[in-house]
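Basically the working numbering = 1-based index in the sequence shown + 146.
What the hints contain is simulated information worked out from the structure, not anything from laboratory work.
For each residue, glycine too, the CB sits at the ideal point set by N, CA and C.
Possibly wrong hints are sitting among the right ones.
As the list claims (entries may be wrong) - Label pairs and their calculated CB-CB ranges:
hint : residue 1 : residue 2 : range
1    : 218       : 163       : 37 to 47 Å
2    : 198       : 277       : 10 to 20 Å
3    : 213       : 270       : 27 to 37 Å
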Amino acid sequence: MLALLTYWVKQDNSFYQSALQRGKVLRRVEYVLLNHGLRSPSEVFTTSFNLYFSFPPYHPRVNGGWDRFSLWGYNQEYPELPVVSLEGFLTACAEQGIRYLVLSPKAGLVADFLRDIYESRDTAELEFLAASGQLRIYQLHIR
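Generate coordinates for the entire structure from the input sequences, incorporating the hints supplied.
Below, the structure written as structure tokens:
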């Protein structure tokens, strides 16, 4: 019985420590973005479904996710961004008021050019701001 209890205490502690670390990573993302002028989570596009902010509307923009299917009017209010080309994506970002990207290592599952951005950091249109854990934060400079 004691061995079983010890096992579960270790499992719970491991989960707890992991959750604490994830929380630190996500709070740092918010901190970096706020220090670079973020006014609303709607100004952020991310490839991470785990990113939430501490102020409304709480959710950054994503392609996919349960919001698209379960919230009436969500697709009309927040249309998915086109991911066929970088140019089309950046144009849609400008039109929809998206000023920041937060990319995860799985950004390439959304679009090849997002993987390229994640791996190379700066481009003419994007400025690398910081990394937090495995997330990379960029500011868009769209002409």
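Range hint compliance [Cβ, residue 198 to residue 277, 10 to 20 Å]: 19 Å, holds
Is 27 to 37 Å respected by the C-beta to C-beta distance linking residue 213 and residue 270? 32 Å, holds
Confirm or reject the claim that residue 218 and residue 163 have a C-beta distance inside 37 to 47 Å. 39 Å, holds
Every hint, counting from the list given before, is met by this structure.
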